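The sequence shown begins at 1 in the UniProt record's numbering and counts up one residue at a time.
Each hint can be trusted.
Listed below are the simulated PhoX-like cross-link pairs for lysine-lysine, each with C-alpha atoms no more than 20 Å apart in a straight line:
#1 Lys355 - Lys444
#2 Lys444 - Lys254
#3 Lys355 - Lys343
#4 Lys373 - Lys399
#5 Lys355 - Lys442
#6 Lys399 - Lys372
#7 Lys355 - Lys441
#8 Lys254 - Lys442
#9 Lys399 - Lys137
Derived by calculation from the structure, the hints in this document are not laboratory data. As the structure is a computational prediction, the values presented were derived from the model and not from experiment.
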Amino acid sequence: MVINNFKNQPTCISVHRIEETDTSTQIYGWKVVGHTYDEQIRLRDMATVVAAWPETAEDNVPTVPCLSADGHLLVLSARASRVRYGVSATFIMIYPNDVTRVLPKKNSAQPFSSHLFSLWCIFDDGSVTSAYSYDSKYGSERVSLLDCPLSPFASDQLWRYNRTLRVYLASTTDKDRNAPILKAFITVPLPSFFSLNSSQELLTLCTSPLHNGAEYLTQWIEFHRLVGFRKFVVYNTTDTHERLSSVVNTINRKYSNLVDVVQWNFSSLYLIDILPTRYFQTEALHDCLIQYGDQSEWLGMLDLDEYIVPLDPYQTVLDYLHNNFRRRIIGSINLWSQFFCTKEANQYTLEENNKSRLIIDRFILRAPDLYKKGREKYLYRPRFVQYLSIHHQIIGLAKQQTSRNHILLAHYASMSRLRSMPGCSSGQYVTDTSVRDRFAKKVKDAIENLMV
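Please put together the full structure from these sequences, using the hints given.
Okay, structure coming up:
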């Protein structure tokens, strides 16, 4: 059933002067917004229609993920946060210069930066707030974000009543357009078992967009759970088999809501990332930050061949963070990579190729020194950062250096294909069994315990 279809909706423009029109009582959430009288009336009319629509009504407005109806914005996701700019909804978008490159060749896109438009969020009760834009660019890592403050109604829908929030994005730049350009349905994640039953600060890890890596997921999660992480978010792009669901369900039966899965696949739009091995990783990083930042004191995104290792005397990452940073107002801490190597550049040894063994058990040769020429990762304090890239913090409070004697990022040889790791030239590596000796048995026992 189509109700009040925008395509067929007559435009309601008042003929009275602005001072003679009381628009504040037209609908429950409406307050006068807009810079001109014409803009105010157009927003009021769109808000009136939105407030009258049932949630299930068809409206011919594209739903995120989508290309906006005017062809200017390509939106991958929409999330909400109580710590980002107060309380806000955020649209995570493809950087405008990349839009035509990731869409199929024949498309209707006419991409422009959202800076060029007057954009507004309209919520279910008819309340309207301004949208604020930012285009982030750091080399090949680019993303665009659009933030709207949440109205009191919208905030209550999400956090007081735990309901799905429907939000429309409208543009008043094109005077011939009298309908929103897209809509999104936003929910907030459930807290994990640990956050409900602990006063400790919550540490969250998201996976980089995952390409059929379910076989390595359990050991990665169990290792990081043992060192203090209490929420895991899997960004799944390609695993359409039952393997991933089986792994996640097994873990969540033992630890309620420990692992969430975000389906990060845009095949319905036929999108191809300009960096195919990453599959919109910078966008996924912001999705993780905004969606899970509210419940996380610290948050990071890693590949499954990367392990955050606390060093003696610290047993957990949480111990290290608490003792060294406590409640200091900082944006992030950087984690330098310690690369672990294969013995031969062009093949695995029998031990390295034994997939029945843990990753931390298979690879015990490493580069002599930490790698400090890039490729580091970060643990972020979500309330104090706004824009990120994969290997850098773009905008936020100051980042802090970590001590190489207390914590490191163990970056293991690729699990899917051989590649040269920095500092791993033949004969230059050293044998290091410290991670294996400290954690391998604990991880194995934890994995066995999942089956009990």
